[in-house]
Amino acid sequence: MTAVTRRDMGRLALGGAALTALGTGARAQAVTITVNGSGGSLAKSLERIYEKPFTAETGIGVRATAPVSLAKLKAMVDTGNMEWDLTEMGGADMIEAVKNNWLTEIDWSIVDPDNKLPPIARQKYGMVTSTFSTVIAYRTDKFGGKAPKSWADFWDVKSFPGPRALQDSPVQNLEFALLADGVPADKLYPLDVERAFKKLDQIKRNVAAWWTTGAQQVQLLVDGEAVMGTVWNGRVPPLKKEGKPVDIIWNGGALQLSYWAVPKGAKHPKEAMRYMKSRLDPDKGVQLLQDSPYPGFAPGLIEKVDPELAKILPIHPDNVAVQYSFNPEYWSEHRPKLTERWAAWLLS
Amino acid sequence: MAPLLAAPLLLLFAIFFVVPFVEIMRISFAGKGGAWTGVTWLMSSPVFVLVFLNTLKLALSVTLICLVLGYPAACFIAGQPASRRGIYLALVLLPFWTSVLVRTYTWSLVLGREGLLNASLIWLGITSEPQRFMFTPLAVHLGMVQILLPVAILTLVGVMTELDAGLVRAARVLGASPWRAFWHVYLPMTKPGIVAAAMLLFILSLGFYITPALLGGPRHRTIANLIDLQVNQMNDWTAASAMALVLLATTIAAVALLRWLVPERNLYGGAR
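Protein chains in written order, with our numbering: chain V, 1 to 348; chain Y, 1 to 272.
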């Protein structure tokens, strides 16, 4: 018994030493960067299209994490324990992070040395990586062949009866209410908060569910809990492909930008920026669009996109014309106060 | 020897509870807006007060329902011969071991507008339009009760099997009706079990997060949901920490109250 144990111990020790040697060997060759994103099926596409080829080319490993969270970024900066080398970020979060000095300046000589990106995509602390839109989605089988066309129709429960779903957040819902009330898209900001809440009062009783995650948005529609609701535009095309009776309308959608940023204290900022550069390849960009209709500003990308696919992109000119531009500065400034009021309004 | 045995646990406790707790205290009392901002926010926020009261109400009603449903079931299981008791306990434990998230989602399949319940009601001709069950108090209660019922039953069975059944028999022999024997002998003997179960249920329901978030509407927001909102949407850790402290204080108060109702030696099955 003792002999066996001793031999096992020996084997264990040997194995351990070998593993350690392997580990340090691999680490000496290359670094692995941690890239934080939205996760889900998008993460699988990114791995196939960008991350694996990037590792093959540069020897830099990529470890993907999720989800996008400003709270987590704050915690990492506060504790000085930065796990991420690169993270995705929404517009208002970006402003908040810049204000709090949580990000590293982008070295554009690494990311975009030939200066090909349009200025909107090249910002001091971030690169615009994709565009997306919060739009109305509806069940095509619930209104007897009729289709809603605007936010006014969303509010019109007589012509389009059935429960609605909205996000549990004042962000964008106040805009949507004002659009429904007839405020022109270019006159939204600064928001007329009183008027927005008054309009929201009218629809509140018909809102069956207030979603908090992207998965919930479409679940509510597919399960029939809601016949109309807000979604991120990319969530619906896969459902349509499966034959689900859902569609979106672009009219009154909230066109937004999302960014890549390198957090302050990231362990491998240079490698992270090299990875950012790989995201500017237009051919890979086209591949990604097949899976996820959130185009960025990679030079030459739009010219390569199939015209049929282009129609379901938030930055297609026809779609841009009917959406409004979401104003993250406004929300960065007013979000805490309005979120508090929102929570109170929901309870009342 | 004894202190040494407790050392690993104490160390874990210090690292994973005491240190974060002190940090939470610090954040809630010295947030970015200066000292006492967390506390001031709580006092002035109508949202917090409403959500706090809602959470208390929800925890109380779920606790009561679980006790009312769990007590007879526990009586039944405790009254079975030991050989068969295992089977019944397994039936209670099976759902208990299933993930809370899975059980919560399953309720949404049952209660949805196109779910099992509505389909049955329409098929039976009881209603022609799908009724709204999701995002109502009914849904939240069903979900929470189903999740917590095993806790009630297991705690009560633990106490009931410890009881001296001879005492009830003695009461019957001496001429008490079954009801009288139950009311004057059995029920008082199980009181420590009821109190222990109530305490566990109440504390667990106070911190509920997933079930109200998925099955409830905005009116069923609990403190835990509000803490999540403060941290993840409003980036206000001061308020979140202050709320966490209030939740902790409420829990301690509940434990203290129950301790006072039933002295410690009578809790945790020490009924004899």
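Source of the hints: derived by calculation from the structure; they are not laboratory data. Possibly wrong hints are sitting among the right ones.
[What the hints assert, rightly or not] Straight-line Cα separation of at most 20 Å, DMTMM-like style, residue types lysine to aspartate or glutamate; simulated pairs: (1) K158(V) / D201(V); (2) K158(V) / E23(Y); (3) K74(V) / D228(Y); (4) K99(V) / D281(V); (5) K244(V) / E114(Y); (6) K116(V) / E105(V); (7) K277(V) / D114(V); (8) K337(V) / D228(Y); (9) K244(V) / D141(V); (10) K116(V) / D281(V); (11) K304(V) / D281(V); (12) K72(V) / E129(Y); (13) K124(V) / D141(V); (14) K240(V) / D107(V); (15) K264(V) / D114(V); (16) K72(V) / E114(Y); (17) K142(V) / E114(Y); (18) K124(V) / E329(V); (19) K277(V) / D112(V); (20) K124(V) / D114(V); (21) K270(V) / D114(V); (22) K142(V) / E23(Y); (23) K187(V) / E333(V); (24) K74(V) / E129(Y); (25) K337(V) / D201(V); (26) K270(V) / D112(V); (27) K72(V) / E57(V).
Each hint, compared with the structure:
no.	hint	result
1	K158(V) / D201(V)	holds, 16 Å
2	K158(V) / E23(Y)	violated, 53 Å
3	K74(V) / D228(Y)	holds, 15 Å
4	K99(V) / D281(V)	violated, 31 Å
5	K244(V) / E114(Y)	holds, 15 Å
6	K116(V) / E105(V)	holds, 18 Å
7	K277(V) / D114(V)	holds, 11 Å
8	K337(V) / D228(Y)	holds, 17 Å
9	K244(V) / D141(V)	holds, 10 Å
10	K116(V) / D281(V)	holds, 11 Å
11	K304(V) / D281(V)	holds, 11 Å
12	K72(V) / E129(Y)	violated, 44 Å
13	K124(V) / D141(V)	violated, 47 Å
14	K240(V) / D107(V)	violated, 41 Å
15	K264(V) / D114(V)	violated, 25 Å
16	K72(V) / E114(Y)	violated, 37 Å
17	K142(V) / E114(Y)	holds, 13 Å
18	K124(V) / E329(V)	holds, 16 Å
19	K277(V) / D112(V)	holds, 6 Å
20	K124(V) / D114(V)	holds, 17 Å
21	K270(V) / D114(V)	holds, 17 Å
22	K142(V) / E23(Y)	violated, 52 Å
23	K187(V) / E333(V)	holds, 18 Å
24	K74(V) / E129(Y)	violated, 48 Å
25	K337(V) / D201(V)	holds, 19 Å
26	K270(V) / D112(V)	holds, 13 Å
27	K72(V) / E57(V)	violated, 31 Å
Of the numbered hints listed earlier, those contradicted by the structure are 2, 4, 12, 13, 14, 15, 16, 22, 24 and 27.
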